[in-house]
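Please build the complete structure, drawing on both the sequences and the hints.
Numbering (the working numbering), first residue to last: 19 to 487.
Quick caveat, the hints were computed from the structure, so don't treat them as lab data.
Do not take every clue at face value.
Here are the simulated DMTMM-like pairs of lysine to aspartate or glutamate, each with C-alpha atoms no more than 20 Å apart in a straight line [said to hold, decoys possible]:
hint, residue 1, residue 2
1, K306, E290
2, K405, D295
3, K284, E141
4, K415, D295
5, K405, E422
6, K206, D295
7, K210, D200
8, K284, D295
9, K207, E422
10, K330, E358
11, K169, E290
12, K288, E152
13, K187, E272
14, K382, E395
15, K330, E351
16, K467, E152
17, K334, E395
18, K459, D200
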Amino acid sequence: MMGALKNHRDERVSVSVEELVPQDHFLRAIEATISFDFIEEKLRPYYCENNGRPSIHPIVLFKMMFIGYFYGIRSERQLEKEIKTNIAYRWFLGFSLSDTIPDHSTISWNRRTRFIHTNIFEEIFDEIVRQATEHQMVGGRALMTDSTHIKANANKNKFVHKYKKEKAKFYIDELEAAVIEDRKVHGKKELKPREESDTPTKKTRISTTDPDSGFLMRDGKPNGFHFLDHRTTDAKYNIITDTYVTAGNMADSEPYLARLQAQIDKFGFKVEAVALDAGYFTSYICKKLSERNIFMVMGYRRFGKRNKEVPKSQFKYVEEMNAFACPMGCILEYATTDREGYRQYKSKPEDCAVCPLREVCFSKKQKQKVITHHIWEKYKDIARKNKLTVTGKKLYKVRCSTIERSFADAKELHGYRYARFRGLKSVQMQAYLTAACQNMKKIALHLTKKGLVEGYFFETLLFYVVFIR
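Spelled out as structure tokens, the structure:
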């Protein structure tokens with residue numbers, strides 16, 4: 019029998035918001051496990067104590083933002099509408115069914131004016147990391163780092179070309195000192211001092227919509243204006259410990275060491291192992307990590323053979339002779355060390371002239387084979403060897419379930435595929451709030467579970483890294 023259609027829309031009942039929100043609701047877990055009291059103290063300096071109209075309480079303001087990032091609500095206008103009709107959201111904010119919801123413009127005004135030139139979003143993110151640490155969810159011993167692209171709020175066809183001087187490597191002084199020493203050991207004269215005119219210029223696309231973004235051109239990535247989020251997660255429970263936004267055309271390796279040091283300074287991490295993508299596989303990063311005695315595993319890119327040339331891997335380095343031996347047994351002797359730190363090894367033209375591999379070894383315009391070998395190449399060899407160990411293979415495999423999963427969750431569940439705002443500072447704010455919400459979610463879900471065994475594998479893995487390698 020078909021039931022009767024009932025209409026109780028005008029029925030009045032005496033009920034509280036507390037009674038209407040299910041006990042197992044996600045926001046109840048957040049409220050029970052995360053302390054938001056620190057927000058009031060951190061934001062107190064930005065409010066006048068004895069003048070002006072009473073504002074929305076800063077905890078309520080930031081909780082509204084958190085709701086938007088928890089549930090991937092990209093528009094602040096839409097966020098206001100959702101809070102009006104969602105009882106759980108009202109409960110989380112401490113509102114009754116009859117309370118007026120703050121206007122969306124209040125959120126945007128505070129974001130664009132009151133907080134835009136402050137570090138408040140970073141401070142809130144850091145405090146959530148500290149709360150995770152208090153719950154024994156951050157080990158600080160093994161860190162996973164990678165970057166992901168965020169599509170800028172900019173048309174890829176609206177840009178101007180500008181010629182910019184390429185930035186000098188941040189470790190240029192250390193590199194030049196090493197080059198001078200290496201040339202001295204090999205009996206070579208010093209290079210002329212580097213002049214400003216020696217700095218090459220590069221033709222760059224600058225977006226007219228969002229000049230802070232950068233034009234991304236990478237294999238397997240969409241071309242266009244993007245930002246990059248250089249993110250680090252802790253291996254124990256995949257808590258995000260750092261998020262740093264740059265233009266999309268910056269190399270992954272550029273900010274890495276500075277961001278690693280920032281985490282050590284802020285949280286007191288005792289880093290013992292890192293797992294990095296191929297973009298971080300540079301001589302300088304390998305050198306610095308080796309000097310810190312950090313166990314490192316990194317990916318590497320396989321480059322295709324150019325014009326079917328004999329690859330460098332077929333040439334064996336003979337350390338006693340400081341020379342390379344080619345597949346046919348000929349010796350490539352040391353010739354010089356250039357400004358970039360590469361030693362050049364050259365074969366004898368007369369040997370190459372009668373070599374049966376001459377046609378596939380190098381181009382017809384050349385008379386001899388030239389192999390380059392960086393003065394810090396031995397540190398990259400350490401990283402290569404680490405990855406082939408049992409511990410290295412396990413540690414690198416963990417990346418898939420930590421940093422890669424962190425990016426996947428951010429994009430699928432928290433609206434992180436696209437930049438919500440324009441400008442580097444605003445996108446950095448988005449990164450901090452997204453990462454903070456992901457961390458809060460992990461803390462809440464972890465503390466409400468029974469039988470907490472999730473972190474055992476990673477702690478066991480670190481035991482092998484530290485004591486058995």
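Hints, one by one, checked against the model:
1. Of the pairs offered as hints, the one joining K306 and E290 holds, with about 13 Å between alpha carbons and a cut-off of 20 Å not exceeded.
2. A hinted pair counts as satisfied when its Cα atoms are at most 20 Å apart, and K405 with D295 qualifies at roughly 12 Å.
3. For the hint pairing K284 with E141, the CA-to-CA distance comes to about 11 Å; that is within 20 Å, so the pair holds.
4. Of the pairs offered as hints, the one joining K415 and D295 holds, with about 11 Å between alpha carbons and a cut-off of 20 Å not exceeded.
5. A distance of roughly 18 Å separates the Cα atoms of K405 and E422; the hinted pair therefore holds under the 20 Å criterion.
6. This hinted pair does not check out: K206 and D295 have alpha carbons roughly 36 Å apart, beyond 20 Å.
7. Distance hint between K210 and D200 is fulfilled; the C-alpha atoms sit about 15 Å from each other, no more than 20 Å.
8. Annotation: proposed proximity of K284 to D295 is violated, straight-line Cα distance about 24 Å (limit 20 Å).
9. Straight-line distance between C-alpha atoms of K207 and E422 comes to about 48 Å, which puts the hinted pair past the 20 Å bound.
10. Restraint check for K330 and E358: satisfied, since their Cα atoms lie roughly 19 Å apart, inside the 20 Å limit.
11. Distance check on the hinted pair: K169 and E290 sit about 34 Å apart at the alpha-carbon level, beyond 20 Å; violated.
12. Restraint check for K288 and E152: the C-alpha separation of about 16 Å stays at or below 20 Å, so the hint holds.
13. Between K187 and E272, the direct Cα distance comes to roughly 9 Å. Compliance with the 20 Å bound is thereby established for this hinted pair.
14. Restraint check for K382 and E395: the C-alpha separation of about 29 Å exceeds 20 Å, so the hint is violated.
15. In summary, the hint linking K330 to E351 is supported, as the alpha carbons are separated by about 15 Å, within the 20 Å threshold.
16. As the CA atoms of K467 and E152 are separated by approximately 17 Å, the hinted pair is consistent with the 20 Å bound.
17. For the given pair, K334 sits about 14 Å from E395 by alpha-carbon distance, which is consistent with the 20 Å threshold.
18. For the suggested pair K459 and D200, the alpha carbons sit about 52 Å apart, so the restraint of at most 20 Å is broken.
Of the numbered hints listed earlier, those contradicted by the structure are 6, 8, 9, 11, 14 and 18.
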